[in-house]
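Visitor: Next come the chains, spelled out residue by residue.
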Amino acid sequence: TLRLICTTTAVQRKNVGASGPEKYTEAFIKKQIEEFNLGKRHLANMMGEDPETFTQEDIDRAIAYLFPSGLFDKQARPLMKHPTEVFPEQRKIQWGEDGRPFHFLFYTGKQSYYSLMHETYEKLLTVQKHQDQLIAQDSSIPLQKEKRNLAGSRWLTKIELEEMLLEKVSDDDYSRFIQLLQKLVALPCADIEEKYIQKFSKEVPVQLQKVVIEPLQYDEQGVAFSTGEGQRKTARATAVVYDNGTGKITVNGIDILHYFPVLQDREQLLFPFQFLGRIGKHDMVCTVSGGGRSAQAGAIRLASAKALRSFVTEKEVEFMRQAGLLTVDPRVKERKKPGQEGPRRKFTWKKR
Amino acid sequence: RIMPVRWSRYNPSYLEPEVKKESYQKPLEELTEEEREQMELKAVRPIKAAPPTLSSSVFSDPMISKFTNMMMKSGNKVLARSLMSQTLETIKRKQLEKYHKAPENEKVTIECNPYVIFHQALKNCQPIIGLSNITKGGKTYQVPVPLTDNRKRFLAMKWLITECREHKHRRTMMPEKLSQELLLAFNNEGPVIKKKHVLHKMAEANRAYAHFRWW
Numbered sequence: 001t002l003r004l005i006c007t008t009t010a011v012q013r014k015n016v017g018a019s020g021p022e023k024y025t026e027a028f029i030k031k032q033i034e035e036f037n038l039g040k041r042h043l044a045n046m047m048g049e050d051p052e053t054f055t056q057e058d059i060d061r062a063i064a065y066l067f068p069s070g071l072f073d074k075q076a077r078p079l080m081k082h083p084t085e086v087f088p089e090q091r092k093i094q095w096g097e098d099g100r101p102f103h104f105l106f107y108t109g110k111q112s113y114y115s116l117m118h119e120t121y122e123k124l125l126t127v128q129k130h131q132d133q134l135i136a137q138d139s140s141i142p143l144q145k146e147k148r149n150l151a152g153s154r155w156l157t158k159i160e161l162e163e164m165l166l167e168k169v170s171d172d173d174y175s176r177f178i179q180l181l182q183k184l185v186a187l188p189c190a191d192i193e194e195k196y197i198q199k200f201s202k203e204v205p206v207q208l209q210k211v212v213i214e215p216l217q218y219d220e221q222g223v224a225f226s227t228g229e230g231q232r233k234t235a236r237a238t239a240v241v242y243d244n245g246t247g248k249i250t251v252n253g254i255d256i257l258h259y260f261p262v263l264q265d266r267e268q269l270l271f272p273f274q275f276l277g278r279i280g281k282h283d284m285v286c287t288v289s290g291g292g293r294s295a296q297a298g299a300i301r302l303a304s305a306k307a308l309r310s311f312v313t314e315k316e317v318e319f320m321r322q323a324g325l326l327t328v329d330p331r332v333k334e335r336k337k338p339g340q341e342g343p344r345r346k347f348t349w350k351k352r
Numbered sequence: 353r354i355m356p357v358r359w360s361r362y363n364p365s366y367l368e369p370e371v372k373k374e375s376y377q378k379p380l381e382e383l384t385e386e387e388r389e390q391m392e393l394k395a396v397r398p399i400k401a402a403p404p405t406l407s408s409s410v411f412s413d414p415m416i417s418k419f420t421n422m423m424m425k426s427g428n429k430v431l432a433r434s435l436m437s438q439t440l441e442t443i444k445r446k447q448l449e450k451y452h453k454a455p456e457n458e459k460v461t462i463e464c465n466p467y468v469i470f471h472q473a474l475k476n477c478q479p480i481i482g483l484s485n486i487t488k489g490g491k492t493y494q495v496p497v498p499l500t501d502n503r504k505r506f507l508a509m510k511w512l513i514t515e516c517r518e519h520k521h522r523r524t525m526m527p528e529k530l531s532q533e534l535l536l537a538f539n540n541e542g543p544v545i546k547k548k549h550v551l552h553k554m555a556e557a558n559r560a561y562a563h564f565r566w567w
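These protein sequences, in sequence, are chains F and L.
Heads up: the first sequence at position 230 corresponds to 230 in the working numbering, and the numbers run straight through without jumps.
For any residue, its number in the working numbering is found by taking its place in the second sequence, counting from 1, and adding 352.
Hints are computed from structural coordinates only; laboratory data are not their basis.
Quick caveat, the model's predicted, so the values are computed rather than measured.
Among the clues, some could well be false.
Stated by the list, open to error - Below, a sample of chain L positions facing chain F; criterion: calculated Cβ distance under 10 Å: (1) Ala395; (2) Ala402; (3) Thr405; (4) Ser437; (5) Glu441; (6) Lys444; (7) Tyr561.
Unchecked claim - Simulated crosslink set (DMTMM-like; lysine to aspartate or glutamate; CA at most 25 Å straight-line): (8) L:Lys425 x L:Glu541; (9) L:Lys425 x F:Glu334; (10) L:Lys429 x L:Glu449; (11) F:Lys110 x F:Asp138; (12) F:Lys281 x L:Glu374; (13) L:Lys400 x F:Glu316; (14) L:Lys429 x F:Glu341; (15) F:Lys315 x L:Glu368; (16) F:Lys315 x L:Glu386; (17) F:Lys195 x L:Glu392; (18) F:Lys210 x L:Glu392; (19) F:Lys233 x L:Glu370; (20) F:Lys315 x L:Glu518; (21) F:Lys210 x L:Glu370.
Claimed, not checked - Covered by chain L, per the in silico footprint, the following chain F stretches (three or more residues, Cβ under 8 Å): (22) 66-75; (23) 289-302; (24) 314-328.
Positions of the beta carbon are idealized from the N, C-alpha and C atoms, including for glycine.
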């Protein structure tokens with residue numbers, strides 16, 4: 001099981017739609033939608049704009065103008081949005097007036113999940129049948145397997161699957177479903193069911209180079225330079241890397257030999273230059289504050305790596321990223337917990 | 353800000369960084385398909401930041417940094433690192449002395465590179481099989497068990513360090529004693545190698561209980 005403890009709050013957002021039976025009837029939601037549309041037209045008349053072309057942004061601006069609120073919590077301010085955004089999508093009641101459920105798997109408890117598994121398995125069987133037919137005709141297994149780009153796509157996460165099925169899915173169920181999908185994809189003739197499989201796979205952005213590389217700046221005298229900022233633990237650093245240099249590096253006005261007496265820190269400062277093979281070609285002037293000696297070295301390393309991106313081809317930027325030079329180190333000091341002496345150390349255990 | 357209590361600060365999808373320059377200069381004619389898949393995966397996934405002990409320079413060696421960390425006491429990395437460099441220097445000096453005193457035909461056999469000596473000595477100290485305590489029917493038996501690579505390296509380094517710390521005269525410095533031990537281990541002599549042989553003999557003696565192991 002994957003216990004995602006170190007993920008962002010967005011991923012851990014509770015799926016309100018899948019938690020329990022419905023709280024609002026369908027008629028209630030319809031009424032809310034009618035009221036919303038009426039209110040939209042009234043608001044447009046009040047503001048003097050055309051009711052037909054009144055967009056959501058106009059609504060937000062109008063509400064902010066008519067009901068100014070000084071509250072700090074954005075979620076506590078007056079809000080006017082379409083009911084489908086306010087009330088999350090929920091399952092409607094699954095049984096008719098006589099009490100008989102609509103779906104044949106209702107009494108399993110997880111009807112959508114089991115029906116999905118049955119569907120996927122049916123697809124698997126059809127693919128196998130197709131394969132057998134081909135073997136019977138040509139007596140050869142067609143190896144038309146252009147490997148699906150595994151790196152470019154990912155399966156739906158558990159939360160996305162819950163949103164799709166509108167019911168809770170446990171970790172075990174989710175892993176079983178993914179295993180079944182992988183089994184389906186592994187067969188050679190899985191191209192027939194490509195459309196069905198695409199419903200459950202998402203494209204990952206091909207390159208993780210979403211960051212924009214700034215162009216070089218030129219100062220008086222025509223020397224090219226670029227700046228970069230870096231941080232590590234509590235240290236913040238800014239670095240300015242100049243071209244046509246001799247390899248001199250200055251930190252807070254002091255030469256690195258005097259500022260960093262330890263060899264390891266100097267090694268870290270020179271790491272990006274050594275990796276790109278440009279040791280004697282650049283000059284660097286940096287400012288750093290906060291943190292300890294190793295944190296300051298790490299911060300300057302990140303800042304210089306970011307500054308060097310502008311001097312270097314895209315391929316080399318990708319190599320730097322894969323060497324771990326361009327990622328911010330998220331490790332910080334762990335907090336002390338109550339009832340313990342430190343972040344992990346417990347108090348001495350006394351028998352009595 | 354989320355404060356994860358037990359697991360690492362990185363998302364599980366983050367991959368380890370590859371620092372060596374040579375692996376990025378290989379052209380696209382890599383032999384295995386696995387390497388190509390790895391490359392594609394690396395292009396899509398985020399990568400962890402390189403730790404401060406790792407660098408692409410010729411002088412950074414993962415084994416030496418691991419050994420330095422094990423030698424370190426109360427987080428004093430500066431002292432541990434200086435001890436390590438002094439050890440390597442003493443090894444080089446001793447080997448050079450031997451080299452200059454030896455006759456012509458033996459000069460080729462004498463190894464002067466301290467890194468090579470360090471790696472070879474560690475390799476010679478690594479045990480092949482270890483013992484583990486298994487309780488069966490109220491009695492605890494020492495059962496011979498195969499060891500993983502990491503465990504072998506850890507045991508070799510631990511034995512070297514404990515040996516140097518305990519059996520050394522009060523006035524001798526750590527680099528001197530360590531260089532002595534490393535040179536002895538390089539030639540398959542010395543107390544650490546003896547300890548390894550003792551462990552192997554114990555495992556051979558307890559061969560009868562090998563079937564107690566269930567993994």
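Visitor: All hints, please: hold or fail.
Guide: Against the structure, the hints:
{"no.": "1", "hint": "Ala395", "result": "6 Å, holds"}
{"no.": "2", "hint": "Ala402", "result": "4 Å, holds"}
{"no.": "3", "hint": "Thr405", "result": "7 Å, holds"}
{"no.": "4", "hint": "Ser437", "result": "8 Å, holds"}
{"no.": "5", "hint": "Glu441", "result": "14 Å, violated"}
{"no.": "6", "hint": "Lys444", "result": "17 Å, violated"}
{"no.": "7", "hint": "Tyr561", "result": "34 Å, violated"}
{"no.": "8", "hint": "L:Lys425 x L:Glu541", "result": "28 Å, violated"}
{"no.": "9", "hint": "L:Lys425 x F:Glu334", "result": "21 Å, holds"}
{"no.": "10", "hint": "L:Lys429 x L:Glu449", "result": "30 Å, violated"}
{"no.": "11", "hint": "F:Lys110 x F:Asp138", "result": "42 Å, violated"}
{"no.": "12", "hint": "F:Lys281 x L:Glu374", "result": "21 Å, holds"}
{"no.": "13", "hint": "L:Lys400 x F:Glu316", "result": "17 Å, holds"}
{"no.": "14", "hint": "L:Lys429 x F:Glu341", "result": "24 Å, holds"}
{"no.": "15", "hint": "F:Lys315 x L:Glu368", "result": "19 Å, holds"}
{"no.": "16", "hint": "F:Lys315 x L:Glu386", "result": "21 Å, holds"}
{"no.": "17", "hint": "F:Lys195 x L:Glu392", "result": "24 Å, holds"}
{"no.": "18", "hint": "F:Lys210 x L:Glu392", "result": "17 Å, holds"}
{"no.": "19", "hint": "F:Lys233 x L:Glu370", "result": "23 Å, holds"}
{"no.": "20", "hint": "F:Lys315 x L:Glu518", "result": "52 Å, violated"}
{"no.": "21", "hint": "F:Lys210 x L:Glu370", "result": "21 Å, holds"}
{"no.": "22", "hint": "66-75", "result": "violated (count 0)"}
{"no.": "23", "hint": "289-302", "result": "holds (count 4)"}
{"no.": "24", "hint": "314-328", "result": "holds (count 9)"}
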